[in-house]
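*Asks:* Going down the list, the protein sequences come from chains A, B, C, D and E.
For the first sequence, position 80 (counting from the first letter as 1) is numbered 80 according to this note's numbering, and the numbering increases by one without interruption.
For the second sequence, position 4 (counting from the first letter as 1) is numbered 4 according to this note's numbering, and the numbering increases by one without interruption.
For the third sequence, position 156 (counting from the first letter as 1) is numbered 156 according to this note's numbering, and the numbering increases by one without interruption.
For the fourth sequence, position 210 (counting from the first letter as 1) is numbered 210 according to this note's numbering, and the numbering increases by one without interruption.
For the fifth sequence, position 155 (counting from the first letter as 1) is numbered 155 according to this note's numbering, and the numbering increases by one without interruption.
Accuracy of the hints is not assured; some may be wrong.
[Stated by the list, open to error] Straight-line distance between alpha carbons at most 30 Å, and here's what the computed DSSO-like set of lysine-lysine pairs gives:
no., chain 1, residue 1, chain 2, residue 2
1, C, Lys382, C, Lys249
2, A, Lys152, D, Lys237
3, B, Lys183, C, Lys189
4, B, Lys183, C, Lys382
5, A, Lys152, D, Lys147
6, A, Lys24, C, Lys321
7, E, Lys107, B, Lys2
By construction, these hints were calculated from the structure, which means they are not laboratory data.
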Amino acid sequence: MWKIGLGIILFFVLMAVFAPYLSKYSPNRTVSLPYQPPSREHWLGTDRLGRDIMSQVIHGSRLSLIIGISTGLLMTLIATGIGMMAGYFGGLLDRILSILMDIFLVIPGIPLMIVISSYVRVRGPLVVILVIALTSWGSGARVIRSQVLSLKNREFVMASRVVGESNLRIIFFEILPNMLSLVASIFFNSVLYAIIGEASLSFLGLSDVSKITWGTMLYWAQNANALLNGMWYWVFAPGLCIVLLGTSFALLSFSIDEITNPRLKAR
Amino acid sequence: MKYILNRLFFFVITLFFALTLNFVIPRLMPGDPAERLLMRFGPNIDDRAIEAMRIALGLDKEKDLFTQYVEYLKNTFTGNFGISYLHYPVPVKQVLASSLPWTLGLVGTSTIISFILGTLLGVYAGWRRDRKIGSGILIFSLCLRSIAYFWLAMLFLYVFGYRLGWFPLANAYSTKENLYGIKFVLSVIYHAVLPSMTLIVASLGNWILTMRNNMISVLAEDYIILAEAKGLDEGYIMLRYAARNAILPSITAFGISLGFVVSGALLTEIVYSYPGVGYQLYRAVLSQDFPLIQAIFFFVSLSVLLANLVMDFLYAFLDPRVRG
Amino acid sequence: MVIAVTGPFQRNFNPYFAGATGYIAAGFIYETLIYSNTKTGELIPWLASEYEWSPDLKEITFKLRKNVTWSDGMPLTAEDVVFTFETLRKFPALDSPGVWKGGVTNVQKLDEYTVKITLEKVNTFIIYSIAGVYILPKHLWEKVEDPSKFTNENPVGTGAYLLDSFSDQVVVLKKNPNYWNADKVKVEKIRIPAFSGNESAQLAVARGELDWAGINYPQIERLAQQNKDIKYWFAEGNPVFLFFNLSKKPFDDVVLRKAFAHAIDTDQLVKIGMTGYAAPVNPVVIKSGYEYLIVEDLKNLWWKHDPKTAERLFQQAGFKKGKDGILAKDETKLSFDLLVPAGWTDWIAVCELLSQQLRDYGVELKVTPVDFGQYLQKIRNKDFDVVLSWANYGPTVYHFYDNFMNSNNAFVGSNRGGWIDERTDELLAKMKQTSSLDELKSIIAELQKIVLENVPAVPLYYNPVWFIYSTKNFTGWPSEKNPYVEPRITGMDKIYLVMHLEPVK
Amino acid sequence: MPSVLRVTGLKKEFTVRRGFKVFTLKALRGVDLELNEKEIVSVVGESGCGKTTLLRVLARLYEPTAGKIELFGKELPRKLNRKEELKFRKLVQMVFQDPFASLNPTKKISYILERPLKIHRIGNEEQILKNVLEDVELTPPESFLEKFPHELSGGQRQRVVFARAIVTKPKIILADEPTSMLDVSIKSGVLNLMLKLKAEHDISFLHVTHDLAAAKYISDRIVVMYAGLIVEEGDAKQIVSKPLHPYTMLLREAAPDPGRSSSASLTDVGEPPSLVNPPRGCPFEPRCTYAQPRCKEPVEMRIVDGRKVRCVLY
Amino acid sequence: MFEVVGLNAGYEFRHKFVHAVRNVSFKVEEQDFFGIAGESGCGKTTLMFASLALLKKPGKVISGRVLLDGTDLLSLRASELKQVRWKKISLVTQSSMNSLNPVMKIKDQMADVLIRNHGFSKKDAYELVKEKLKLVGIAPERMENYPHQLSGGMRQRVVIAMALLLSPRVVFMDEPATALDVVVQRSILQQIEDLREREHFSIVFITHDISLLFELATKIAIMYAGEFVEVGKAKTVYSEPMHPYTKGLIEALPSISRDLDRYKSIPGRPIDLALKIEGCPFRERCSFAFERCRVEKPELRFINGRWVACHLY
Ligand SMILES: Nc1ncnc2c1ncn2[C@@H]1O[C@H](COP(=O)(O)OP(=O)(O)OP(=O)(O)O)[C@@H](O)[C@H]1O
Ligand SMILES: Nc1ncnc2c1ncn2[C@@H]1O[C@H](COP(=O)(O)OP(=O)(O)OP(=O)(O)O)[C@@H](O)[C@H]1O
Ligand SMILES: [Mg+2]
Ligand SMILES: [Mg+2]
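So here's chain A without its partners, still in its complex pose (with noise of 0.2 Å):
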């Protein structure tokens, strides 16, 4: 399953990389006419400015897979840092950033973030990295802490003290490498929230709009009203990658959880 997985995020990464290669048009640039239906000259038929749509999904691909990724990537270094902390460490930092934690992963995800990108006057694609990050690592560290928990007892870990490792050391050296396929689970997981998590906000209009993402790309769908003008290829298309570039990462994350985990491995 795995497989699949990889290869949808490549064909995916390889579109984005030769993305000018690919495409026939600049996505930003008003070719033709407005709201043209497909047709040879534009597969997916024009936008409202003019601009080629397939071009823009074929680009867009570019900031989805990065807001994606480094999203990922920055959720997955917090919940990582906090829950070993917390689990490391225990006593009343484990209780603080557990609280922090089941509070993060409780308070639903959306409004915070429309709260918090409301506020938050700029709007770019840091912002949105930044503000779907900073609200969504509570679940990624309440597995790493309970797993770091599980771990810190083991007596291996035991084993390295006795020996005389430094703390740090332990949980670097000694922990962290035990974790890596969870840690990488949570990332792809982390990765398929923030894919989401991006176009929902893009799609609120949240983010900026100017930039092409498959979800700004649904923003100006909406906006133009493609669905009801017959053009539904246009909200189809970047959709539809949304959820295959998610599938993606969500076989990829189930499918080590089902390697790794003996508990879900076949008795």
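Use these hints to put chains B, C, D and E with the ligands onto chain A, whose structure you have.
*Replies:* Leaving out everything else, chains B, C, D and E with the ligands in the frame of chain A:
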């Protein structure tokens, strides 16, 4: 009992945190709501109206942060969230009173349906994990998990609302005529079909996956093997032994995932013009209606927290280990 | 009749508030003394049957109609009018028309049906402000502690309609049988369902469920072809400009501004950016209906899209293309953030086009959608280079020039680029104190010259007043051919419009 | 023989939280113990009686609640700075129960063995590693250095664990049931290894087990623990052949022994007392067949036949 | 009475076949205490599941028959199996601590098989439950409890009582007490032995702790790498082991009553069950191995009153 107290404690802390967050965020950012309030008139507004609005909103007076915070807490607990900027001079309370029930109804029913359906599918997928049907359900749920709620909403709206014309395109009940009694109820249900279908389908994947994984964990337990050795029938083992235990972590997961569902529901409401808080929040954000934003955020958090609390109670009720 | 309004609704029928139901109250339920028709420029007596300026232009006397009653049966009297004005004075939040700020010093009852309004100094424009004051029933509102916070859930007005039923999803109005002008009103019921925004209202339009929708509908012409009942007319609204920050370099240079004016292809902006729904604007920003004010002699100064001239002017201003292909002079590079309010999609589209167009000359405009509040704040703080914005046209051309060029309005009002010029201010002051058309004409002519020579901003198009209607149930709608009213849902225009409708048999 | 480790009045309490209630769990309730040079002392006792806790306190993985620990006659301060800690770690090593869990699965054997050398700045000579591997009878050493733990069998892993414990040439090894997870066929190999290390490297072992037979085989002395207290202590052979304390007798009865002719009836054995509310007197009193009223009062350690026993019978 | 004939079973695992039970045959007589001992991973649990027709994917029985009173369990249909299981044959699983459903009351999880499969009324079922609980020394009131409310030893007893509900002929026990403390373990084993004598059932007892087996079992089978290498009376196998593996085990085992100066462990490690084994599986670790052991696989033969698979005899 101890468990319950613990959860109550968490509830209070989280609520307090949400409240404070709610207070802090807007104050970290500068801004002039009066102008935003008028922005939705677009470029056809008169500059003089802005000044009048500032005075009306009491934004011309300064107060220190602490006083504001105390006032804010007091107001929150007395249910006084001030006056909505957007619907000036309607109190926020009233705006919420008219929108919260819609969201609660919509999210409540569809989440329960979706959870039950997803859990059943998950039970089956876990039970039949080695068969085609199990993998089929699994892949289906992985795909569903990657669908953005609003996109699904748009597709449904297009296909079932616009193309096929089976369902209404907007609103929570018919606006063509005034309906009363049972007719009104039917109209409400009819209007809720598409939004709730969206919510059900979009959140289904999550429940399936959670339950499937729990099932598989549970299926490795010795008591399942023993139950099989006893010669009990499959269905009985699947439900009474496996699912009954697998549901426990699912319930916790349910509370947690509720945040995601509510998030999705808000987006869905926007697409379907459903008059719930999601749509209000969207409009409040567009017009920088601080009091309304804060109140909605507060209530959404409160509802999710309450639901979590209920789930915790349910958990305690279902798990004798916690109950005892 | 079914009208689309953005909802969901809150029960608030205070006509001084701009919420959705406030719109409904203003005009349908509450009325003004006179009605100022911005389309035709007419002032039509409404609750006042006539009014009269004193010779020194410092007093106006209104005579009220005698047959007007409140919907609870009480008669409308001068008391109510005085009360309303006094309320606006006591609660400045309500004074959105700006009567007191505009120089009114006293409102006085002369007899039961006569009111005199006194002005501090001559200001002929005040009549338009008075046309925005909705008269409130004293016998009910005097009990209200703070009218600026009063939601007026059960409105009692003089208007043509009564509230029939209310819910957050739909407001229903029915005809007021005792309306003073009842025989003119042919629409028995008005149903106003709440829509969450353009998309859902658009869906309803597409299904032919609406008689009147004040919304943008992309590719409306397609729909109009499919459904013969659906018609539209996108009238000229406020003009939209590319404003330069005149207070700093490099836009203090008129040559550069002129270069921009020639470089921009407004046709494309209208056709693609506004999908053809905006009306083109002339360089002197004089709307249709006022063509008589255009000075033919100045037409040689009018600019038009002309790449050659533009390039020449850029050069003349001293700008040369650098290595990156961007025009530069010394330290200054022609690379700017182009501000536009976030969420205003057609405007953003226009900005994208502007950016594309100017790129060809070597000017880089980075489209920067910002939150609306910040947008206004940035303009007010002169913290911008170029911005896509609008100027309030007001009821007449005169209002427009005052809004657009008065130094009082620099940065804070419609004079967004900060045009500050003594001669302009003098002319504008003179304009308010005159009642002679010839004098006005000559003032306007001089102002036009100033505009053409200095290009304080580049006018791009008139923002459309969205208006989609259906002839299935009613006829008599205003249209491009019969523009008797500006088809807005706000204010008094709508009742004036409704009075022209006839049900289809 | 000089003592290398002496413990007096060692107490360890855990704070256990259940919801809002906080309990104090008294895992060690005043343990006195001495470990001499080149000596193997086995601690035996029921599950949960505090054996592991005792070792972990001594290894400074847990902080003791009270009590004195002397190492080579010098009292250890309660808090060690990094330098003191390293010095301590160099002398006192620990071996854990589960050979599958006590080696980091992501690291090669060479890494695992090198780390102590690096930490204690002993220098990273391959020869040292090879020597230790030979010491623990993993030959040829080269073939093991590059392996990952999962490539080794349980017995081999446990030997690696011992190798890691001895690279720094410690004087004391605390061994927590090092054979309980191993298969019967290789158990005694590890026991023999301990004997060998004691003889060849002058290492003293404090060895925790619940296998009385194994304890008898390798130890010089046996200490019997019950509910956080030492109830009997003495020569290994003597304790097994002639237990004094009723609990030791029970333990002796319970131990599997194919050579035994007949076994006493042990059908109802009761359960150990709660450590949250331990009995004031003899902890074994509730289960003891010889219980008397005076057992309800605290019982002191007595010396009988050169052995120590905490029972009123003697 | 209960007989396993030529059983081969294993697991499909990553395109390999782990052949965990290799041609195992044995017979359990009435009231036997049949012990199976062997190193961890040698296939004991697999043997048990295969014998009970309980082996599930990826596990697979390749060949063999399991005869209980003459019927082959492996060839029965599910509905027939349902009748046999628990009534004639039952089991106590490896970690009995987890063998109880944590969310069901003791009485319900004990009685459900009676009510659902064997036509008991509720009342009769609970009566029987009470009776069996008394048998293992647990107060009948305890049946209202949930598993977590019982101590480990009590849970273990409940599982044993459950296995005895329908007075089966044969009870399989897979390491029934290894997770428990020595003292508790001993008392439970004692109880099992007492029960067996009173209730007249046979036990197939699986463990890796052979000292325990030697003490308790009447008959013992030593398993190595999926095969039985020696089968015989427990006492005689202990006093005169024949197979070098059995010998090695006994010599490796510190014992309380026997004083040996030195116990030796068996060198090497068990062979990988995923491999095809040529010759004697033990030969690599055997100090007596000779050429024939490499090429020819020793068959289990009856020598001196017991079965041994070794070329030495
Ligand atoms: N970190 C801890 N926190 C709380 N309680 C603990 C902790 N560690 C041990 N205990 C408790 O202290 C008591 C003694 O535990 P310990 O592990 O020392 O027993 P043990 O003799 O090693 O048992 P076993 O033979 O099962 O290993 C037990 O009741 C245990 O539950
Ligand atoms: N599901 C499985 N997939 C693949 N291999 C398996 C599976 N279950 C067990 N095995 C392998 O089959 C062999 C026999 O396992 P089994 O559980 O029968 O051993 P055992 O003798 O019961 O061991 P223990 O004493 O540890 O319980 C082992 O090598 C094991 O790795
Ligand atoms: Mg222990
Ligand atoms: Mg087993």
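*Asks:* Go through the numbered hints given earlier and state which of them the structure violates, listing their numbers in rising order.
*Replies:* 2 and 4
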